Amino acid sequence: MEMQVQSDEQRVTMRGADMVIHTLKQLGVDTVFGYPGGAILPIYDALYQSGVRHVLTRHEQAAIHAAEGYARATGRTGTVLATSGPGATNLVTGIADAYMDSVPLVVITGQVASPLIGTDAFQEVDVIGITAPVTKYSFQARTAEELPRLLMEAYHIASTGRPGPVLIDIPKDIASTVCPYPAAVPVERHIELTVPEPDAEQLEQIRHLIAQSRRPLLYIGGGVVSGEASEELRQFAQATGIPVCSTLMGLGAFPPDHPLFLGMLGMHGTYAANMAVTHCDLLLAFGVRFDDRVTGKLERFSPQSTKVHIDIDPSEIGKIVSVDVSLVCDVKKALQELVVQPPVTPDCGEWRQQVREWAQEYPLSFTQEQDRGLKPQFVIDLLTRMTDSNAIVTTEVGQHQMWSAHFYRAKEPRTFITSGGLGTMGFGFPAAMGAQIGKPESTVVCVAGDASFQMNLQELQTIAEGNIPIKVFIINNRFLGMVRQWQEMFYENRLSESQISGPDFVKVAEAFGVKGLRAATLADAGRVMQEALAHPGPVVVDFMVEESENVFPMVPPGKANSELVLKGWEE
Amino acid sequence: MEHTFLLTVNNHPATFLRVMGVYSRRGLLIDSMTINRGAAPDVSDVSITVQCDSRMAENLIKQLEKQMDVIQVRNGSDKSLAS
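Listed in order, the protein sequences are those of chains A and B.
The opening position of the first sequence corresponds to residue 143 in the numbering used here, with each subsequent residue numbered one higher.
The opening position of the second sequence corresponds to residue -1 in the numbering used here, with each subsequent residue numbered one higher.
To be clear, the hints were calculated from the coordinates, so they are not data collected in a lab.
Quantities reported herein were computed from a predicted structural model and do not represent experimental measurements.
Backbone N, C-alpha and C define an ideal beta-carbon position, used for all residues, glycine too.
Any given hint could turn out to be false.
Taking CB as the label site, the calculated pair distances span [to be verified]:
no., chain 1, residue 1, chain 2, residue 2, range
1, B, Met54, A, Leu258, 53 to 59 Å
2, B, Ser52, A, Asp172, 45 to 51 Å
3, B, Val41, A, Ala353, 43 to 49 Å
4, A, Gly644, B, Ile69, 49 to 55 Å
5, A, Glu343, B, Met54, 26 to 32 Å
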């Protein structure tokens, strides 16, 4: 870093780019994910030998998904660097993904020099314009002096309240300008976010509703994970005896083997969770957003219940479903209040009995015959048994994702990392790299589909080079399985473009210098998975599974949650 | 039903992009819009009129309030709030 001490004011002068790195270090950022290019060269120059770890991916999309995986596994804000133009546009999917799933990210993009902005200069795009709908906030730096303040604000905004991605666009001339480092940083924050404390009166109303209820149900989601409220949730459920169902994003927030846990609700939710949400008289929706994959046909969603919604984002209240009592606050604080001063325990023994019967009537299940091909569910169930759910699992998107939600029984928050809102194929593999970098001691497994894996498999080079020891388990059914399932069920079995070929994944892995294994039989599966989990470096395992398997239960689109299809499909 | 939203916003380059996005994303057409320099420096007063139902108007206000550069939103059609 080029630094000069000014004798009169004792203020250090440096380039804007050096300020960026200096401020990152001040903020405790020790790892960034990125890819260099023309407009961001000054920042990469400042990064050189700075002590900040940079993970060089092979595509910007992978850099941002890795930053998401890092953020979701650790709870810290992920940081991404990319250049202008195509570097920036390659980030857009990841920014949208982070926005939908409320992942704290700071994305730093290079921009063409200020005088060229708006002239269609080489590698210029209006990244602020392109990303405005999918960022929590964005800045374009106008001067070098303001860079430390912008960065501090960016990290503050990204991580406060409902987390989300914040973008800082830095023109090349601003990054190259030498000026004094601001004496006091943060100078004054332009933007200060605060989260309201839980309202005592509304808490009292909630206690009253719980005490009166005979069929209460907790419907919990990603807010409980990102709000670090799992322990309080467990205590609250335990104290009140209220059954719990979870969204995809909430998995891991509540112990899967707890007798009160009903599993996931919604389109591929369990029979018990969907019946419970349909028949409950009080729905306690904590850290959730009533996604359409959860509610099914909205008019018939949880028709008999009084609804309580606790969320940190005021704009979520009443967005989809009208609620009777709402509380805008940190869900952790609300639960703490409800644990410290608990409501009268509701008389819901009969209800718990009913819910247990539903769970026993139609549990999640599959049949693996000894002499037949591998079932995808068996592979994931095997993963649960072999790791005792002590791994961090990321997924791609599709059937294998739903089977992972069903059969990887995540027991800790931040150990099940999946693209929930945007449903981004190509997310899981780079997200696993980021999770592994954030949690070097953990076993990190990416459960992938054969098609999803092909969307970002260039990152095999990144894990090979960095010896990032993630395990990629490809559930290979030679199909875009979820697309095919919908075609079978709703498009008269017209399998338009859903059959997809893949390379020899073992040879591909080996070509990158990564260990490659394959399992095609029941006997192979156990042995190979054990070998993969024991291997100290990265591994790709190609699990050749039966291609015709589909995901059930399923609430067909446009149907109510109570109309779920349990097994097979007959129109 | 006609709703007029009265906003006070930080006058940053991307502010109007974000404010307009709240309406355009929902396919709403803007009947009229005025922007005036506000009382404080770098602050603007904005008035936007659209046709929508009351539930939509409520959601729009929350979405507008969520924007970092939106300091305040009032529903100008709601006489009880008019100052």
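To see whether the hints hold, each was checked on the structure:
1. B:Met54 x A:Leu258: 53 to 59 Å: 41 Å, violated
2. B:Ser52 x A:Asp172: 45 to 51 Å: The hint (45 to 51 Å, Cβ to Cβ) holds, given that Ser52 (chain B) and Asp172 (chain A) are roughly 50 Å apart.
3. B:Val41 x A:Ala353: 43 to 49 Å: Given range 43 to 49 Å: holds, Cβ gap about 47 Å.
4. A:Gly644 x B:Ile69: 49 to 55 Å: 53 Å, holds
5. A:Glu343 x B:Met54: 26 to 32 Å: Holds, at about 28 Å.
Checked against the numbered hints listed earlier, the structure breaks hint 1 alone; every other hint is satisfied.
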